[in-house]
Amino acid sequence: MKTARNFPYVFKLPKFKNQWEATEWCTRQFGRRWSVVDNRAGVWCCFWLGTRDPGGYEWLFLNEQDAILFALKWARFDNNSL
Numbered sequence: 001m002k003t004a005r006n007f008p009y010v011f012k013l014p015k016f017k018n019q020w021e022a023t024e025w026c027t028r029q030f031g032r033r034w035s036v037v038d039n040r041a042g043v044w045c046c047f048w049l050g051t052r053d054p055g056g057y058e059w060l061f062l063n064e065q066d067a068i069l070f071a072l073k074w075a076r077f078d079n080n081s082l
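Residue numbering for the sequence shown follows the working numbering, starting at 1 and increasing by one per position.
Keep in mind that the hints were calculated from the coordinates and are not lab data. Any given hint could turn out to be false.
Claimed, not checked - With a straight-line Cα cutoff of 25 Å, these simulated DSS-like cross-link-like pairs (lysine-lysine) come out:
(1) K73 with K17
(2) K12 with K73
(3) K15 with K73
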């Protein structure tokens with residue numbers, strides 16, 4: 001059984017303006033997101049970090065290539081993080 005803990009590639013990103021666009025992009029690129037209820041074959045998922053970080057989301061990927069594509073498309077870098 002695949003659970004969120006089985007996704008080895010994780011990005012924690014702040015909520016950003018294009019959040020839903022990123023979700024739609026992932027669906028087009030990688031298929032329907034993983035769901036414990038109806039899609040355990042999914043290779044990606046996204047969770048709100050809740051009270052730990054109300055403004056953040058965790059994007060999880062099963063495959064390294066998918067994670068890299070996501071990072072190249074959606075991760076935001078500023079000069080201080082390099």
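Quiz item: Keeping to a limit of 25 Å between CA atoms, is the pair of K73 and K17 held or broken?
Solution: With a Cα-Cα distance of about 14 Å, the restraint between K73 and K17 holds, given a limit of 25 Å.
Quiz item: Taking only the CA atoms, is the gap from K15 to K73 under or equal to 25 Å?
Solution: Satisfied, since the Cα-Cα distance of roughly 15 Å is no more than 25 Å.
Quiz item: Is it true that the CA of K12 sits at most 25 Å from the CA of K73?
Solution: holds (15 Å)
The structure shown violates none of the earlier numbered hints.
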